[in-house]
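Peer 1: For this one, chain A is given, so just place chains B and C with the ligands on it according to the hints.
As you go down the protein sequences, you meet chains A, B and C in turn.
Note that full-length UniProt numbering has the first sequence beginning at 1, numbered continuously upward.
Note that full-length UniProt numbering has the second sequence beginning at 1, numbered continuously upward.
Note that full-length UniProt numbering has the third sequence beginning at 1, numbered continuously upward.
Bear in mind the hints are in silico, worked out from the structure with no lab data behind them.
Just so we're clear, the structure is a prediction, and the values are computed from it rather than from any experiment.
Careful: at least some of the hints might be erroneous.
[Claimed, not checked] Within a straight-line C-alpha distance of at most 25 Å, the following computed BS3-like cross-link-like pairs (lysine-lysine) qualify:
{"id": "1", "chain 1": "C", "residue 1": "Lys-88", "chain 2": "A", "residue 2": "Lys-285"}
{"id": "2", "chain 1": "A", "residue 1": "Lys-51", "chain 2": "B", "residue 2": "Lys-117"}
{"id": "3", "chain 1": "A", "residue 1": "Lys-174", "chain 2": "C", "residue 2": "Lys-8"}
[As the list claims (entries may be wrong)] Some chain A residues close to chain C (C-beta under 10 Å, calculated; not the full set):
{"id": "4", "residue": "Leu-59"}
{"id": "5", "residue": "Ile-60"}
{"id": "6", "residue": "Asn-123"}
{"id": "7", "residue": "Glu-133"}
{"id": "8", "residue": "Asp-137"}
{"id": "9", "residue": "Ala-141"}
{"id": "10", "residue": "Gly-144"}
{"id": "11", "residue": "Gly-145"}
{"id": "12", "residue": "Arg-158"}
{"id": "13", "residue": "Leu-159"}
Glycine included, C-beta positions come from ideal geometry on N, C-alpha and C.
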Amino acid sequence: MSNQIVVPFGPQHPVLPEPIHLDLVLEDERVVEAVPTIGYVHRGLEKLVEKRDFKDYVLIAERICGICSFTHSVTYCNAIEHIMGIEVPPRAQFIRTIWMEYSRMHSHLLWLGLTADAMGFENLFMNAWRLREEILDDMEATTGGRVIQGSSKVGGIRLDIPDEKLGEMVDHLKSIRPLLEESNRIFTHDQTVRHRMRGLGVLSKEEAWDLGAVGPTARGSGCDMDVRSTGYSAYGELGFKPITFPHGDCLDRCLVRSEEVLAAVDLVERAVAKMPDGPIEEKVKGNPDGEYFAFSEQPRGECMHYVKANGKKNIVRHRVRTPTFTNIPPLVKMLAGIELADVPVVVLTIDPCIGCAER
Amino acid sequence: MNEQKHTVIEIAVTDLLKKAEEYHTKGHRLVQIGCTPLGDRYEINYTFTTAWDFESLRITVHDGDEIPSISGTYWGAFIYENEIHDLFGLSVTDMNIDFQGHLIETRVPTPFKNPPKVTIVSKGGDAQ
Amino acid sequence: MPLFTMVKRALANVTGKPATLMYPATPAKQYDVSRGHIVIAIEDCIFCGNCQRHCVSQAIVVDREARTWEIDRLRCIICGVCAEVCPKDCIFIEPDYHPSSVGPVVELVQGPPAPPKVEKKAKTEE
Ligand code: SF4
Ligand code: SF4
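Here chain A stands alone, though its shape is the one from the complex (with noise of 0.2 Å):
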């Protein structure tokens, strides 16, 4: 029988990008379980909602999570609509999806980055932030932010984007696209990447079903589970298929993004070359009672919303379960077994959020 010995890995660690604690229990270089620890960026702004204004607390939920921020703020947004029975103007709802697709094509790219940098592929990296870069650029021009947008606000959204605009943000994502696809093929083809990912923390399709995984980590074992083909927002206009692979390991599950940042492109331009005219909002009367579950795809995987309001000003709960908290699960599973030295790959292909994890 060989000895067992603890290594903490994290909260900070070089390879982390949020602080996440895990107690990696080894034996020789293997690890035999991994305990994970979080609450260090805890902001309580689940209990925030009891202060503030349902209408204002939209720029709150909004700054739950740093990369999915858009896509947060339409989910709320979602629940208080649907509560209060509100008709969203189709207008505001295509512009959403033109965001949300925009925010999902950076998350996306940030993460290969990161993904790209974990590997000791600084090239590849620094490519992936560039490509990353081009679409913040669109973001803020449309928006006036570049990751946290803040234009989504309950019965639509705060500002149109002009036809003329709408024409210039597709030109250049045809213009970009050449590059999407080359860093694309590198992903699928390069030896460095297939070596370093292949078989590497496999997540089988029944054990990601079983555990809970959600978004790219599910669609990397081969789950179809993605929220958008329930068709929210304007999703069900614009036909939508989920991108699935089967391996489970930790090279789908990247795959899965990449070839998801394509998708966002044509989604994308299928929603402008569908945009209706008309208004962007819809007025707000009264306050909320009742409560709904939304969900939504954020770039990370399925989101919910729980609001609960009781016809007051403040609402009574809103619980966010956000797609890493439900990985943590079939990450513990995937860390089981697996070598010391591929730990960080590991943990970072759920691209873990930890300030969405703890809100």
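Peer 2: Frame of chain A; chains B and C with the ligands shown alone:
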């Protein structure tokens, strides 16, 4: 407006394990467990789904009640149950991985049950 | 073929301009709608306190008696709610960022003295 289907079923705490077992054999996945404090009582929602027709089991508990853990059926449930324990101070029995309050280590223990005092920047600032 | 791609990329990187900006020597990118910082046109302010009540991060303190409007720059998250709720539309969002700082930045803006009552009456009669 696109409604996402969601059925809420109110059950007694004692039925919870049996129901969870049923969902598991039917092939549902666990979406989330969430707690809602309502003054003197807490509502806990267990959400399951196979595709996109969500179903929630709802139990109502009070301070000091013990909640049976469904982590025997759904291995991944420990994360939510520990969260409920750490944030609301409710006790969950027989969890497969019991962090004993160390999953979310906040400076103020059980912050959602005994919220720390809110400092108001001079002359209020809260929406009235 | 991969070698060819690589050579092309390497040449582009050697001969091209850097992709980054030397901020703050070169100003950051700006667009018309960029949210940089909040300014107030204090002459128009009626000190109603709406901005203070709606500010999500409690960055604004309005004093009706002393006729002052105060903003804590480090609390402000530049969300723009105050500009939206102001009844006199006297809060604006400027696209350039506030200069960085190492300590607290609280700006106190003193409003002009209250107009005499008589004048106000005359205005409503018009
Ligand atoms: S809302 Fe406008 S008018 Fe009222 S106190 Fe604020 S700045 Fe002045
Ligand atoms: S921009 Fe937002 S945070 Fe800043 S002062 Fe205005 S309301 Fe407050």
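Peer 1: All the hints need checking, so say for each whether the structure fits it.
Peer 2: Against the structure, the hints:
no.: 1; hint: C:Lys-88 - A:Lys-285; in the structure: holds, 22 Å
no.: 2; hint: A:Lys-51 - B:Lys-117; in the structure: holds, 12 Å
no.: 3; hint: A:Lys-174 - C:Lys-8; in the structure: holds, 21 Å
no.: 4; hint: Leu-59; in the structure: holds, 4 Å
no.: 5; hint: Ile-60; in the structure: holds, 6 Å
no.: 6; hint: Asn-123; in the structure: holds, 8 Å
no.: 7; hint: Glu-133; in the structure: holds, 7 Å
no.: 8; hint: Asp-137; in the structure: holds, 7 Å
no.: 9; hint: Ala-141; in the structure: holds, 4 Å
no.: 10; hint: Gly-144; in the structure: holds, 4 Å
no.: 11; hint: Gly-145; in the structure: holds, 6 Å
no.: 12; hint: Arg-158; in the structure: holds, 8 Å
no.: 13; hint: Leu-159; in the structure: holds, 6 Å
Of the numbered hints stated above, none is contradicted by the structure.
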